[in-house]
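> Residues per chain are reported as follows:
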Amino acid sequence: MNYEHLDLSELRVKLDKKEVTSVQLTEYFLARIEKLNPALNAFVTVVRAEALEQAREADAYISSPGENPPLCGIPFAAKDLFCTLGVRTTASSKILDQYIPPYDATVIVKLKEQRAVLVGKTNLDQFAHGSSTETSAFGPTKNPWDTTRIPGGSSGGSAVAVAAGMVPWALGTETGGSIRQPSSLCGISGWKPTYGRVSRHGVIAMASSLDSPGAHAKSVADLVTLANIIAGRDPKDSTTGDRSTNYEVRMKDLKGLRIGVPKEYFPEGLQDEVKQRVMEATEELRKLGAELVEVELPHTKYGSLVYAIVAPAEIASNLSRYDGIRYGHVTGDAKNLLEVYEKSRSEGFGDEAKRRIMTGTYVLSAGYYDAYYKRAQKVRRLIINEFAEVFKTVDVLVAPSSPTVANTLGKAADDPLFGYIADQLNIPSSLAGLPALSVPCGFARPLEGNQPSLDGMPVGLQIIGSQWSEQKVFDVGLAYQTVTDWHRKRPNLE
Amino acid sequence: MSQEEYKPVIGLEVHIQLRTKSKMFGSARNDQNADQPNINIDEIVTAQPGSLPVANKEAIRLAAKMGLALHCTIDEWSKFDRKHYFYPDLPKGYQISQLDQPIAKEGYLEIIKSDGTTKKILIQRAHLEEDAGKNIHPDGLAYSLVDYNRAGTPLLEIVTHPCIESAEEARKYLEELQRIARYVGASDADMEKGSMRCEPSISVRMPGEEGLPPYKCEVKNINSFKFVEQAIKYEIARQTEMRKAGLVPKQVTMGWSERENITVE
Chain A
0 MNYEHLDLSE LRVKLDKKEV TSVQLTEYFL ARIEKLNPAL NAFVTVVRAE
50 ALEQAREADA YISSPGENPP LCGIPFAAKD LFCTLGVRTT ASSKILDQYI
100 PPYDATVIVK LKEQRAVLVG KTNLDQFAHG SSTETSAFGP TKNPWDTTRI
150 PGGSSGGSAV AVAAGMVPWA LGTETGGSIR QPSSLCGISG WKPTYGRVSR
200 HGVIAMASSL DSPGAHAKSV ADLVTLANII AGRDPKDSTT GDRSTNYEVR
250 MKDLKGLRIG VPKEYFPEGL QDEVKQRVME ATEELRKLGA ELVEVELPHT
300 KYGSLVYAIV APAEIASNLS RYDGIRYGHV TGDAKNLLEV YEKSRSEGFG
350 DEAKRRIMTG TYVLSAGYYD AYYKRAQKVR RLIINEFAEV FKTVDVLVAP
400 SSPTVANTLG KAADDPLFGY IADQLNIPSS LAGLPALSVP CGFARPLEGN
450 QPSLDGMPVG LQIIGSQWSE QKVFDVGLAY QTVTDWHRKR PNLE
Chain B
0 MSQEEYKPVI GLEVHIQLRT KSKMFGSARN DQNADQPNIN IDEIVTAQPG
50 SLPVANKEAI RLAAKMGLAL HCTIDEWSKF DRKHYFYPDL PKGYQISQLD
100 QPIAKEGYLE IIKSDGTTKK ILIQRAHLEE DAGKNIHPDG LAYSLVDYNR
150 AGTPLLEIVT HPCIESAEEA RKYLEELQRI ARYVGASDAD MEKGSMRCEP
200 SISVRMPGEE GLPPYKCEVK NINSFKFVEQ AIKYEIARQT EMRKAGLVPK
250 QVTMGWSERE NITVE
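Chains as they are written, first to last, in numbering that gives the first Met the number 0: chain A, 0 to 493; chain B, 0 to 264.
A few of these clues could be false.
[Unchecked claim] Below 35 Å or equal to it, Euclidean Cα-Cα: the simulated DSBU-like pairs (lysine-lysine) are:
{"#": "1", "chain 1": "A", "residue 1": "LYS377", "chain 2": "B", "residue 2": "LYS104"}
{"#": "2", "chain 1": "A", "residue 1": "LYS377", "chain 2": "B", "residue 2": "LYS219"}
{"#": "3", "chain 1": "B", "residue 1": "LYS219", "chain 2": "B", "residue 2": "LYS243"}
Calculated from the structure, these hints are not laboratory results.
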């Protein structure tokens, strides 16, 4: 039985019918991880013993009478930003290389209540600073469709773990594209929740007004199951909202739905074949009954500029606590207090973190705060208002998740133009705290490097909704996945 | 020229620890009488990665109550800000405080001076913030220790306008503020135990000088009303000497030496 082809509902049926035990399932995925991780480097930490212990407990629970929670006994992975009690959590950075959190993130607590089985922590761009997973202190993660290419980032490890069938699903986070973009580049489904939909308590902070913990899975139906479990108000996170979490898998058509196609999300620099796949996808949505409407979001071009100020500012602040005094890397070489700070942080942080700390500190400093941070937040408000306006006339927006397919490793840093355009597609909706999905919508041949196969590399379609409109976004993704099977394609890993 | 014409300009910044069960931003216990270091802590107090602050409702209530007792306007909208600096007793690398929208603004406290006259001491603002931990430097050792029991304790910082004109007025203000804090149940307000702290800022105006003098000296680490009074008297004398000689005293933060009864840089 190839369990890596089954989705969550299928695994639930097999477990409930005792056709497989959680221990067997966990062993199966642990074996796949052991076989595939050396080439893909998706995992930073694998917790074999702990996972099997959890699996045994799940099996005991399944044996007892009564219904089993949806995720009971099913293995999963967590991006290494989620604090897991007793399990090494590194943010893929040397500064937290040996950090063992004394507590669980709220999301992890919820998954433990489900008796889900954590098999390991996945690789990311260090502290989530990046979109290729190349800035990890533990080496880059490789795209399973073509291992000379990036998986995207910052949640590259989680996206690859799901795409390569190393786990049925994985936790990710998004601050400015970090769930949507790697999901798109790896050919899987990803959910970036409304800001405040999922608790950030225990999620290592990057930019506090942007961070959205979410998930990667094989289908939107799976993401709906996950949403109902991980979303919700958390008294430990004052920014979570009180809305209900009764998301449904509603197999409906899209009659009566108005879908906006924003002009600014199809710019020069968008790869032709990517555009074609996305237009083919919108045609499917039209056949399902939706009305497609061209819309304009003229403030889109300011998104990256706002982000370039707001994100480093919040990052610099959130990284202030890493000084080696209570946890994390401390230098062996300090002669005085100042050197404890300077050396520990210089040794522990990667280059990108340092860049962002410098930029962020500058734009928040006295004399510059008004001109930079405050002004950027005002422009952010304009972007937010622009989305609110457009959602008065359409229900959701669709666009490519990424302007190109996955680049070759090492290329991303050299190609500022594409970085800029890629950011435009994801950042504005992140700044506005909107929910979004990325779903696979076909393949396109890369314009540089290897040609992995006749088909090419995965292309993703993103669906963006107004705040708290998760159900509508899910509806569109679910309907699309009933008439297409891109989400069932798997990379050839031999 | 008589001393009276060189008018002292004094402002007082007072911090009181609020009497809540738990800390300002988390549920770790607020207990200043802990008999061991680092027991009233949790992931929020020690700023573990991923930890988030949750505002203490009782602290906000007590702050508003003190504000009302001081005839302040309590804004319906207030916010917290991060004040960044690096020091081992500051776990997050920033203190959560309030910068431009404090919970209480523009009030006063009335004192009765020894000559029987009353004076309204004008209060500029009162805001909520969290206390830092304690650094301990054991003698003769090559390292220091940090105790986070105090870190995260709710503080109300009360700032007067620089309208106090003598050491006696300052002392009366502190005594009355302490009475109010205790009566209202906001704080034990005990200088010796650290639940009330006072930092006077002192400057001296030249005869005929308009507005505030071009400098001020802040004095920290004073742990009784008596010493506040002495420190202010000492500074007034020191600064008046200098201004008489045509000098402008250096703007510095000073400490109070109990032993020598003087301020030191």
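> Confirm or reject each hint.
Consistency of the hints with the structure:
1. A/LYS377 / B/LYS104: holds, 26 Å
2. A/LYS377 / B/LYS219: violated, 39 Å
3. B/LYS219 / B/LYS243: Distance ~25 Å between B/LYS219 and B/LYS243 Cα, so the pair holds.
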